[in-house]
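**Q** Here are the chains, one letter per residue:
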Amino acid sequence: MTEILLSLREVSMHFGGLKALDKVSFDLCNGEILGLIGPNGAGKTTCFNTVSGVYRPTSGEIRFGGIRTDGLPPHRMAALGIGRTFQIVRPFPNLSVLDNVIVAMGLPCYRGIIPSCGSWKRQTTRDGAMGLLSKVGLDSLASQKAGLLPLGNLRRLELARALALNPRLLLLDESFSGLRHEEIAMQEELVRKTRESGISILLIEHNMRVAMGLSDRLVVLDHGLKLAEGSPEEIRKNPEVIQAYLGKGGNSNAA
Amino acid sequence: MSDYTITIGTFIAIQAIVACGLNVIVGYAGQISLGHAAFFGIGAYSSALLTTAGGLSFWSALPLVLFITGFIGLVLGLPSLRLKEDFLAITTIGINFIVVSVFLYVPFFGGALGIGGIPRVILFGERLRGTPFLFLCLAFLATVQLASWLFTRSWSGLACFALREDESAASSMGVSPVRFKLAAFILGTAMAGLGGALYAHFMRFISATDFGFPMSVMILSMVVLGGMGTLWGPVLGALVLGMLPEVFRPLTEYRMFLYAALLLLMIRFQPGGLLGESSFARQIFSRLKGGNQE
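Going down the list, the sequences are from chains A and B.
Heads up: the first sequence begins at 1 in this note's numbering, then just goes up one per residue.
Heads up: the second sequence begins at 1001 in this note's numbering, then just goes up one per residue.
None of these hints come from the bench; they were simulated from the model.
Hints should not be assumed to be uniformly reliable.
To be verified - Subject to a maximum C-alpha distance of 27 angstroms in a straight line, what follows is the list of computed BS3-like cross-link-like pairs (lysine-lysine):
1. A/K121 <-> A/K135
2. B/K1084 <-> A/K145
3. B/K1289 <-> A/K145
None of the values given here were measured: they were computed from a predicted structure.
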């Protein structure tokens, strides 16, 4: 194992009496694709939101690149090198596809008063954004309004925006849901290429075939608890995981 | 030009400046404000006080006026901008009423009598009145337009657009919501302050009622009518709403009725404003542009 990029230690997130996450711990190594799976309501998205800074965990510790980050707001996490996509896509609907990506390219400029007064209408910025769009295959739609794009294109647009941040870690929240077969294959290819370029990936996925195929390791959550952790092969055989997904076996109604 | 035309023109230019300020907040950053007249008033009162009681000239008072309005914008914006949509709208209405009652009941601000005897603007040894003052207002309007244009091209402007479109997505891209909403708020309120200063030295007498809630609604109507988030929309809106009362003067009794009918027609047929996207004006313009290329 190489060095650890992201580590969660006993992270809990309670909403009133509901324990959405209960003392979850896991590590993500540099260059790894880690899959986060579990049945509906298992706490996957909550886990994502604590990592990306949307929620401050009730207790526990999150470290990213050695720095303690729990409680930092999302814009600080972006600056530290975490890019993310959303389960329900969140494009900037009235901006063009190109401008959607350019927003993310401004990351280094948003922190200081003087750089944030600079112009975003520069050719180099534009070229950089176009490069990312052609990587995800949206360059022909660059001048379209993002709100007009179908879901498949929006998922790729979100990926391009996240990549424009030059992240060290990419969080993909169900980036494959609602896509057609061909689109899933295309998206899988993009995720593999992203990892090859040296970006680590944490992904939530409902589609088991995709999750098993892409991930180096998997973490299984159920009712806020970590149920299992291991390679796709180990997870596939783990009786507790099978039980969480399919219910208790041996009974006639389980079949 | 007759004095009448010049007076109307000056009013329109001043209101256009204030509307441009509101456009930065509502149109660019997407933060609804129904209390913009408060900052118009703060600009007018601070310029009036600095030039009468303070004994400063208009020109030396102006930077202070912009600073004061922007600073009060910052102080009032900091808690308000944590709220969203309806709640922000109600809070800004509240700000408007509080500011007006402070002007009305604190003796320092002249109370119900307001402030009179505000000196004229002196430029190159000339006391500006009539046409020269109109030109001064137009020059300031041009400056405000330039500032708005530069803002839309800056990273701060883009950050505001992103926040307007989707706050969660914007913050996941490194845009601090508080910082950039405040930046838009400060810029917009400072522009209102500039309009207020010009208004004070134009009227030479001001009172709290000039800056009440109806004025805020009027300014917002200008922005919406012209096209929120467009560069020239607020100016066109100020022009139309500034001229209508004069055009309808023979129909004074039905004026409000005609206003309402016009706004309803706008909402039905041009929801994005006169210069908004998919508006008639834009369609004609793009057709002309397309025609030239062929």
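**Q** Work down the list of hints and note, for each, if the structure agrees.
**A** Hints, verified against the model:
1. A/K121 <-> A/K135: holds, 21 angstroms
2. B/K1084 <-> A/K145: Given pair B/K1084, A/K145 holds - Cα atoms ~25 angstroms apart, limit 27 angstroms.
3. B/K1289 <-> A/K145: Satisfied, since the Cα-Cα distance of roughly 20 angstroms is no more than 27 angstroms.
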